[in-house]
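Colleague: Heads up: the sequence lines are chains A and B, in that order.
All residue numbers for the first sequence refer to the numbering used here, where the first residue is 10 and numbers rise by one.
All residue numbers for the second sequence refer to the numbering used here, where the first residue is 88 and numbers rise by one.
By construction, these hints were calculated from the structure, which means they are not laboratory data.
No residue lacks a Cβ here, since even glycine has one placed at the ideal position from N, Cα and C.
Take the hints with a grain of salt, since some may be wrong.
Stated by the list, open to error - Here are the computed lysine-lysine pairs in the DSS-like style, where the Cα-Cα straight-line distance is at most 25 Å: (1) B:Lys141 to A:Lys58; (2) B:Lys141 to A:Lys398; (3) B:Lys97 to A:Lys39; (4) B:Lys97 to A:Lys63; (5) A:Lys63 to B:Lys254; (6) A:Lys60 to B:Lys97; (7) A:Lys66 to B:Lys141; (8) A:Lys111 to A:Lys72; (9) B:Lys106 to A:Lys58; (10) B:Lys261 to A:Lys398; (11) A:Lys58 to B:Lys146; (12) B:Lys265 to B:Lys106; (13) A:Lys39 to B:Lys254; (14) A:Lys100 to B:Lys237.
What the hints assert, rightly or not - Derived Cβ-Cβ restraints for the label pairs, each shown as a range: (15) A:Ala90 to B:Lys208: 54 to 60 Å; (16) A:Ala272 to B:Glu133: 33 to 39 Å; (17) B:Lys211 to A:Leu349: 54 to 60 Å; (18) B:Glu204 to A:Ala405: 33 to 39 Å; (19) A:Ile366 to B:Arg235: 52 to 58 Å; (20) A:Glu270 to B:Gly213: 34 to 40 Å; (21) B:Pro111 to A:Lys331: 22 to 28 Å; (22) A:Glu252 to B:Glu133: 35 to 41 Å.
Claimed, not checked - Here's a subset of chain B near chain A, in silico, CB distances under 7 Å, partners left out: (23) Ile96; (24) Val109; (25) Glu166; (26) Glu174; (27) Thr178; (28) Leu244; (29) Lys248; (30) Asn249; (31) Gly264.
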Amino acid sequence: MSGKTIAEKILASHSLSDSDIIPGTIINAKIDLILSHFGTARVVLDYRKIKPSKLRKVFDPSKIVVILDHYSPAPSERIAAVHDIIRKFVKSQGIKFFYDIKEGICHQVLPEKGHVRPGMLIIGGDSHTTTHGAFNAAACGIGNTDLFHAFVTGQMWFKVPETIKFNIQGNLPYNTTSKDIIIKIAGDYSAEVARYKAIEFSGKTMEDLSIASRMTMSNFSLELGAKFAFGVPDQKVVDWVQERTTEPFNLIKPDLDAVYEKAFNLNIDDLEPQVSCPHTVDNVKPISEVIGTKINQAFLGSCTNGRYEDLEIAAKILDGKKIHKDVRLIVTPASQEVWLKVAKSGVAETLINAGAIITNPNCGACFGGHQGLLAPGERCISSSNRNFKGRMGSLAAELYLGSPATVAASAIQGEITDPRDY
Amino acid sequence: MALTGTKAIKAYKDILKGKVWVFPDNVDTDAISPTQYLSNINAAVEYTCESVIKDFPSKVKDGDIIVAGRNFGCGSSRETAPIILQEKGITAIIAESFARIFYRSSIARALPVIEIEGISKEFKTGELIEVNVPEAEITNLSTNKKFRGKKFNPILLNILKNGGLEKQLLAELKAQGKG
Chain A
10 MSGKTIAEKI LASHSLSDSD IIPGTIINAK IDLILSHFGT ARVVLDYRKI
60 KPSKLRKVFD PSKIVVILDH YSPAPSERIA AVHDIIRKFV KSQGIKFFYD
110 IKEGICHQVL PEKGHVRPGM LIIGGDSHTT THGAFNAAAC GIGNTDLFHA
160 FVTGQMWFKV PETIKFNIQG NLPYNTTSKD IIIKIAGDYS AEVARYKAIE
210 FSGKTMEDLS IASRMTMSNF SLELGAKFAF GVPDQKVVDW VQERTTEPFN
260 LIKPDLDAVY EKAFNLNIDD LEPQVSCPHT VDNVKPISEV IGTKINQAFL
310 GSCTNGRYED LEIAAKILDG KKIHKDVRLI VTPASQEVWL KVAKSGVAET
360 LINAGAIITN PNCGACFGGH QGLLAPGERC ISSSNRNFKG RMGSLAAELY
410 LGSPATVAAS AIQGEITDPR DY
Chain B
88 MALTGTKAIK AYKDILKGKV WVFPDNVDTD AISPTQYLSN INAAVEYTCE
138 SVIKDFPSKV KDGDIIVAGR NFGCGSSRET APIILQEKGI TAIIAESFAR
188 IFYRSSIARA LPVIEIEGIS KEFKTGELIE VNVPEAEITN LSTNKKFRGK
238 KFNPILLNIL KNGGLEKQLL AELKAQGKG
């Protein structure tokens with residue numbers, strides 16, 4: 010019998026079905042952790058339909074994390090009412106882990122607070138739940154009905170995915186980041202390359218990357234269609250997680266003879282910064298082909314690139330400089346912890362002196378909720394994850410995706426700019 | 088907030104017939120369910136997919152069926168995407184491929200979703216289609232050509248037949264409450 014991939018091992022250890030864990034099989038599995046944000050409101054409405062009412066219970070109040078990160082703080086009375094519904098539900102169900110509007114973006118807060126450990130099976134009512142693959146967890150997004158089912162039963166059906174492998178070698182050139190690698194992958198292999206599949210990232214480059222940089226890649230893997238997106242299972246993960254929790258865990262490594270549907274080999278020694286152009290993430294061009302494109306806004310934030318190292322690299326580029334007079338630079342730290350760190354280290358001061366606006370940690374501008382939407386005809390360079398038509402405000406606006414370094418350099422020039430020149 | 092429940096879920100039928108809307112590759116969830124109407128389905132239905140097919144929201148009729156290219160429903164986990172299409176009367180979606188979360192949520196909402204390679208080239212908007220759900224067999228009634236997808240796993244077909252995952256679970260709980 011052949012060996013197993015990380016996805017196959019984690020699904021096998023959580024399966025409630027008798028079936029062999031081979032790609033394509035559908036199994037029922039028990040879930041270790043459920044993440045739920047704004048969409049919790051729909052779950053609450055579903056709960057009200059349960060009869061008899063004594064069965065209106067979550068399966069385990071200690072295995073659900075509810076967090077208010079979309080529309081935070083509430084920008085309207087309507088949203089305030091939704092938040093109110095969620096807070097009351099959390100209290101009445103005794104849900105142990107609730108993070109209110111101040112904490113930040115779910116995919117940053119979850120690992121920071123020690124909820125994510127290697128080997129876990131995690132589902133979340135948010136597509137970018139794949140982020141937690143950076144911590145060697147099998148984590149994927151789902152919709153609200155599946156979420157409701159999981160809240161009640163603690164279980165979900167899973168199709169065992171094929172696994173594809175990206176073996177990445179080489180050293181990142183100056184002022185290029187892991188974002189450039191993952192955008193390059195989208196451009197070369199399409200936004201469908203990992204559709205319904207698990208990704209395993211491997212190779213020397215991945216080993217060299219920080220946990221934050223790996224999170225960026227696991228996060229953006231959703232835009233490649235991925236179900237799970239595992240970083241390298243190494244000591245860096247162990248050290249990071251052990252700083253956050255005392256709960257025990259084991260790293261899950263793939264067997265040497267694990268079967269991959271496909272393996273891709275990349276060398277990034279000569280990687281140019283990459284940009285996803287309107288209106289799909291895989292409409293990718295190297296920066297040299299889009300330099301000079303005028304912008305009205307630059308956005309630095311999101312669960313993809315709102316971490317300390319992202320704001321730090323931007324601050325290094327912006328240090329002692331001013332952003333272009335016709336550009337708005339909106340910076341959203343990914344969490345309260347990140348915000349505090351940039352406040353203490355001087356990164357925040359550098360950004361503000363350069364002309365940036367720093368918002369509270371939340372999902373706002375990235376998903377087109379609030380705090381930085383675009384008018385018709387406007388153009389934005391963003392460190393976030395989607396550039397669909399209408400994603401950040403007007404249907405007639407244009408969104409370009411790039412690394413935090415590209416966002417910072419472009420904010421200075423008022424046009425898309427190569428960060429290697431800084 | 089106008090969060091709709093299951094009112095748009097119609098009783099399960101083995102055979103569906105309707106008029107076709109052909110959609111391109113990579114129709115994303117922001118196009119189907121625009122962010123500005125996320126908590127207001129009644130408003131969202133007026134604008135769904137307008138950035139892809141301008142007159143879709145005004146002309147789509149109850150019982151129509153979508154035939155799409157690759158990666159239909161890519162993007163967000165918002166379940167409002169399949170919900171809005173159901174609210175508009177869409178009874179099934181046949182695509183060359185679906186984004187994972189959209190696929191799951193459609194099954195959960197009892198909206199049959201069937202993958203068939205190359206299918207979007209076999210239909211024109213306005214043609215008539217017949218969908219045999221359990222057999223995953225599609226007929227273009229205008230050209231009389233037949234196509235076959237992969238049959239549903241029994242767990243998924245049951246969810247469709249039970250009127251969706253929510254209804255299925257509520258029925259199980261009700262039975263449990265009596266037990």
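Colleague: Next step is simple, just say for each hint if it's right about the structure.
Modeller: Evaluated hints:
Between Lys141 (chain B) and Lys58 (chain A), the direct Cα distance comes to roughly 37 Å. Violation of the 25 Å bound is thereby established for this hinted pair. Restraint check: the Cα-Cα separation between Lys141 (chain B) and Lys398 (chain A) comes to about 14 Å, which is no more than 25 Å; the hinted pair holds. Proximity of Lys97 (chain B) to Lys39 (chain A) is assessed by CA-CA distance (about 30 Å); at most 25 Å being required, the pair is judged violated. With a CA separation close to 29 Å, the supplied pair Lys97 (chain B) and Lys63 (chain A) exceeds the 25 Å bound.
With a C-alpha separation of about 18 Å, the suggested pairing of Lys63 (chain A) with Lys254 (chain B) holds against the 25 Å cut-off. Our distance criterion of 25 Å between C-alpha atoms is met by Lys60 (chain A) and Lys97 (chain B), whose separation comes to about 22 Å. Simply put, Lys66 (chain A) and Lys141 (chain B) have alpha-carbon atoms about 44 Å apart, too far for the 25 Å limit, and the pair is violated. Only pairs whose Cα atoms come within 25 Å are accepted, and Lys111 (chain A) paired with Lys72 (chain A) is accepted, the gap being roughly 21 Å.
Of the supplied pair hints, the one linking Lys106 (chain B) and Lys58 (chain A) is violated, its CA atoms being roughly 34 Å apart against a limit of 25 Å. The suggested pairing of Lys261 (chain B) with Lys398 (chain A) is violated, with an alpha-carbon distance near 44 Å, which exceeds 25 Å. The straight-line distance between the Cα atoms of Lys58 (chain A) and Lys146 (chain B) is roughly 34 Å, outside the 25 Å bound, and the hint therefore fails. The straight-line distance between the Cα atoms of Lys265 (chain B) and Lys106 (chain B) is roughly 44 Å, outside the 25 Å bound, and the hint therefore fails.
Restraint check: the Cα-Cα separation between Lys39 (chain A) and Lys254 (chain B) comes to about 21 Å, which is no more than 25 Å; the hinted pair holds. Restraint check for Lys100 (chain A) and Lys237 (chain B): the C-alpha separation of about 45 Å exceeds 25 Å, so the hint is violated. Taking 54 to 60 Å as the suggested C-beta distance range, the pair Ala90 (chain A) and Lys208 (chain B) does not conform, at roughly 47 Å. Taking the beta carbon of each, Ala272 (chain A) and Glu133 (chain B) are about 46 Å apart, not inside 33 to 39 Å as hinted.
Lys211 (chain B) and Leu349 (chain A) have their C-beta atoms about 58 Å apart, which keeps the hinted 54 to 60 Å range intact. Between Glu204 (chain B) and Ala405 (chain A), the C-beta spacing of about 35 Å keeps the proposed range 33 to 39 Å intact. About 55 Å separates the C-beta atoms of Ile366 (chain A) and Arg235 (chain B), a value consistent with the hinted range of 52 to 58 Å. A beta carbon spacing of about 38 Å between Glu270 (chain A) and Gly213 (chain B) agrees with the range 34 to 40 Å that was offered as a hint.
The beta-carbon spacing between Pro111 (chain B) and Lys331 (chain A), approximately 43 Å, falls outside the hinted interval of 22 to 28 Å. Between Glu252 (chain A) and Glu133 (chain B) the Cβ separation comes to about 50 Å, which falls outside the hinted range of 35 to 41 Å. About 10 Å separates the beta-carbon of Ile96 (chain B) from the nearest beta-carbon of chain A, more than 7 Å, and the hint is not met. Residue-level restraint check for Val109 (chain B) is violated (minimum Cβ-Cβ distance to chain A is 19 Å; threshold 7 Å).
Proximity of Glu166 (chain B) to chain A holds as hinted, the smallest CB-CB distance being about 4 Å (cut-off 7 Å). Because the beta carbon of Glu174 (chain B) sits about 15 Å from the nearest beta carbon in chain A, more than 7 Å, this interface hint is broken. Hint on Thr178 (chain B) is violated. Least Cβ distance to chain A is approximately 18 Å, over the 7 Å limit. Because the closest C-beta pair between Leu244 (chain B) and chain A is about 11 Å apart, greater than 7 Å, the hint is violated.
Of the supplied interface hints, the one on Lys248 (chain B) is violated, with its beta-carbon coming no nearer than about 15 Å to a beta-carbon of chain A, more than 7 Å. Because the closest C-beta pair between Asn249 (chain B) and chain A is about 12 Å apart, greater than 7 Å, the hint is violated. About 4 Å separates the beta-carbon of Gly264 (chain B) from the nearest beta-carbon of chain A, less than 7 Å, and the hint is met.
Of the numbered hints given earlier, the model fails hints 1, 3, 4, 7, 9, 10, 11, 12, 14, 15, 16, 21, 22, 23, 24, 26, 27, 28, 29 and 30; all others are met.
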